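Keeping their order, the protein sequence lines are chains A and B. According to my numbering, the residues represented by the first sequence are 1 to 468, in order. According to my numbering, the residues represented by the second sequence are 1 to 490, in order.
Rather than coming from a laboratory, the hints here were simulated on the basis of the structure. It is possible that part of the hints are untrue.
[Unchecked claim] Some chain B residues near chain A, calculated using beta-carbon distances under 7 Å:
(1) Ser197
(2) Pro211
(3) Gln362
Note that this is a predicted model, so its numbers are computed, not measured. All C-beta atoms in this analysis are idealised placements derived from N, C-alpha and C, irrespective of residue type, glycine included.
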Amino acid sequence: MKSTRIIFAFLLLLLAVEANAANASLGKAPERFVLDNGIPVHFVANNELPLLRVAVIVRGGSVNDPEGLEGTAGLMFSAMRLGTSTYPVQDIDNRLDALAIDISITTGEEYSIIELATLKENVDEALNILASVITEPSVVTSGWSLTNRFKTNKGIATLKEISKDNIRRLKDNQQALVIKHFSRLMYNGTNRQRMASLKSIDAITKSDLASLYKGVVTPRRIQIAASGAISAAELQRKLNGALGGWQATGFAITAEKMPAKPNGAVYFIVKDSPQSIIVKGFWAPRKASEHAYDFEIINNIIGGEGHISRLFRQIRTEHGYAYATGSFYRQGYELGLMGVYAFVRAENTIPVLEMINKILAGSREEGFSSEEVTITKNSIRNRFVFTFASPFDLAMKFAEIEYANLPADFYTGYLKRIEAVDEAKMREVAATYISEQEALTIIIGPQEQLTKLQETHGKITVIEGNGY
Amino acid sequence: MKLRSFLLAVVLLCLPVSVQALGIDAKMVKQTLPNGIKVFIYHRDTSPTISFYIGHKVGGVDGELTGAAHFLEHLLFKGTANVGSLDFRQEEKILQRVIATGDALDEERAKGTDTKQIAQLEKRLTELTEAHRQFYRASELARIYIENGATDFNASTGVDFTFYMVSLPKDKLELWARVEADRRKNPLFRDFYAERSVVAQERVQRTESVPDGMLMELFLATAFTAHPYRNPTVGWMDDINALSHTYMRQYFENFYAPQNTVIVLVGDVNAPEALAVITRYLGDIPPRKVVRKNIVVEPLQRGEKRAELALDANEKLYIGFHKPTYPHKDNYAFEIMENILTSGRSSRLHRSLIERTNPLAQSVEAANGLPGVRYNNLFCIFATPLAAGKLENLEVAITDELAQLAQNGIEEAELQKAKNSIRFNFFSRLETNNGLASLLAYSATVFGDTASLDHYLEEIEQVRTEDVQRVAREYLTKENRTVVMIKREK
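Start from the sequences and build out the full structure, keeping to the hints where you can.
The structure is reproduced here in structure tokens:
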């Protein structure tokens with residue numbers, strides 16, 4: 001190596017471990033105020049662009065679907081956007097589109113988000129429409145029917161058809177299909193396990209939607225995060241005018257039932273494709289767990305840190321077996337979950353599965369090197385500033401603390417807790433959670449790979465059809 | 001990238017949007033280095049971070065073999081003579097042997113006759129690759145970025161361009177400049193053959209195992225007869241397997257010349273300091289001539305083109321019309337048309353296909369400017385029928401709606417609604433450093449300057465109802481149409 005190259009490499013190394021001056025900067029904390037009906041609001045002013053963004057976080061999602069009526073929450077939240085007592089269906093569409101106001105609704109498992117984005121000049125009307133969508137949706141207040149198309153709002157009947165069509169189309173999407181079944185099996189024995197089906201969608205009535213709405217869309221189940229070109233005082237006044245007088249009581253907030261742990265089972269979905277997707281999962285620490293910090297580093301080393309992770313380096317870089325491979329760590333509020341995945345050419349299914357198992361066994365039995373741990377800690381510390389890269393991100397993070405009842409210093413003390421993680425403890429945590437006997441493996445791929453796996457790996461449970 | 005995200009990105013990127021109204025262009029620092037690299041720096045202090053983009057004007061349309069621009073993008077993650085090597089003198093020797101063996105293997109495979117020789121070369125290549133690995137640390141370039149807090153560390157290749165992007169804490173400016181300069185001065189194509197397999201698998205993952213991917217490939221190959229927009233950016237599988245080390249090295253030397261490079265920084269950055277750092281590290285790359293092959297002009301389409309994909313998959317319908325690209329004035333009318341047809345629940349196709357008593361579609365989306373904007377392109381409509389067997393009805397309904405647009409034009413209120421929507425979408429795109437940087441990088445790479453962004457909203461404001469009707473009449477004709485669909489295998 002030439003001397004200049006040695007110097008250059010050395011400089012890079014120095015730079016690589018240099019402490020980041022920005023690491024402790026959270027910026028200014030959001031302003032918090034409470035509406036007259038008790039809804040907390042976290043707000044960050046940002047005057048650079050003439051926009052306002054408001055996220056209404058509702059504690060309600062598919063975990064609230066009644067048994068046999070899976071898909072109710074998805075339909076109900078979507079239907080809220082289809083018209084209100086004040087803004088009937090055609091009016092709301094015309095008004096929102098004419099003013100370029102965007103109201104989008106995302107239904108999650110335990111919470112859903114109604115998000116508003118508007119130009120500053122239309123803030124008053126945008127907030128009024130948002131409040132109307134939340135407090136008086138036609139799906140609850142009108143005489144719509146879900147069964148007789150001629151007595152119904154066309155949009156809501158279509159929503160049911162689209163939900164069913166999306167279920168039928170799952171078979172065309174290997175990734176969506178395998179992840180859906182992965183979640184179902186990981187949450188065995190709980191509401192999260194249940195999947196919407198053609199039958200359950202058909203069975204949903206208007207009163208089911210209304211019941212769920214009344215149960216979950218209430219002031220005490222809502223938090224708001226906002227940012228934009230407006231002052232906190234003005235936003236508080238406007239939100240109070242639009243939403244502050246709304247009163248409603250709904251379901252009590254109760255803890256979720258815990259699922260049964262995976263038991264090492266292997267599942268296979270037969271799909272005629274040149275590609276297999278392998279997903280392997282474990283229970284993992286929940287967000288508020290003392291082990292969450294150890295596990296974040298463990299996950300990053302195994303597969304969460306992209307190019308430099310063990311999975312990526314061995315499966316992709318060294319062998320060229322996969323384009324997409326890695327791991328994810330879902331830090332749920334009630335239960336955490338880790339998933340390891342690889343998308344591979346079908347003929348490489350078994351070698352890659354064995355490689356994944358070997359990497360996991362190595363993590364469990366041999367732990368992690370101090371170099372890997374140092375690199376990962378540096379990465380988390382230096383990247384932390386991006387957690388709050390936009391004013392809206394900042395408002396959302398503080399709303400989350402309140403929503404999930406996390407410690408007030410969850411973010412301000414985050415890096416300190418990451419720094420306190422050590423290799424010995426990580427090894428204990430890895431051995432506790434990454435257990436082959438408490439894993440679940442699911443593969444989607446062609447029949448010939450199933451046959452080979454049955455010869456080499458013993459009992460495989462085949463998921464027939466598409467499972468709905 | 002998923003189709004929907006891809007379309008959204010393309011549509012947004014295709015907007016040569018105006019930043020003048022916000023004063024962004026006026027605040028931008030622009031400089032061309034003596035070697036031809038163009039630098040654009042925009043300061044904003046919403047967070048102590050910087051988003052970095054480097055763009056090269058080379059994409060799927062460039063070169064003799066398809067997939068080369070995309071494969072090169074992968075190879076630029078493999079480190080350099082300085083980054084990753086444990087003993088470069090030794091490494092260089094063995095790397096030469098890996099390359100020579102790989103090239104010989106490619107030649108034998110192309111002949112396909114001597115299976116014994118192929119097996120011997122495969123074994124030799126495996127041994128040499130293993131031996132080579134003793135002399136470098138894989139993924140060292142990624143390690144440097146990731147350990148220093150990188151987010152959005154990635155690259156992307158389209159038909160028109162290649163981007164390398166990363167966002168870092170603001171105190172990492174010099175680190176970024178060092179790494180990126182070294183990446184362009186001393187790249188080593190390590191793990192060449194394993195990475196070629198990765199790219200082949202990427203093609204399987206994104207195209208060959210995904211009905212939407214297969215249909216898009218068929219759509220472009222049908223709509224374009226001669227122009228390279230007909231080829232997939234990832235490459236045809238045979239071409240991917242034929243991309244040799246020698247070819248890729250020449251491709252790099254040609255297309256990554258400084259004159260074919262732009263740099264964009266957005267974030268908490270001091271422009272004079274940043275310019276000095278960029279000049280110090282990247283200003284000494286020698287300029288070199290960029291040779292481009294002749295890009296064939298797509299001949300005028302003189303009749304409808306149709307194609308079907310028979311698959312065990314649910315049905316889909318893609319329709320496209322040839323049209324001129326930017327800066328042709330008709331583009332702005334197409335922007336409005338796209339919005340009027342499918343933006344929002346009150347849009348024409350949403351109402352006529354979805355919000356009706358017997359819905360025909362579960363989704364419909366119009367997109368102006370696919371697959372790129374360096375050359376004349378397509379105005380497209382992508383529709384998903386709500387139930388099997390309604391494909392023909394869906395096509396008829398779309399055709400009727402387009403005919404009505406051409407015959408009766410649009411209302412003034414629709415025009416105003418579309419203009420509001422475009423303005424809102426544009427502002428939304430600027431909210432993050434990364435969003436603004438990608439938009440600026442696109443404009444600078446493809447059009448040569450962010451000045452092309454200057455008057456977009458003004459041009460949009462000038463579109464009149466009669467412009468939209470004229471454009472519909474002129475371009476949305478049967479003779480100019482391509483229709484492809486997935487028909488479910490019985």
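Quick rundown of the hints versus the structure:
1. A cut of 7 Å between beta carbons decides the hint on Ser197 (chain B): the least distance to chain A is about 3 Å, and the hint holds.
2. Look at Pro211 (chain B): its Cβ gets to within about 5 Å of chain A, closer than 7 Å, so that hint holds up.
3. Hint status for Gln362 (chain B): holds, given a least beta-carbon distance of 5 Å to chain A, under 7 Å.
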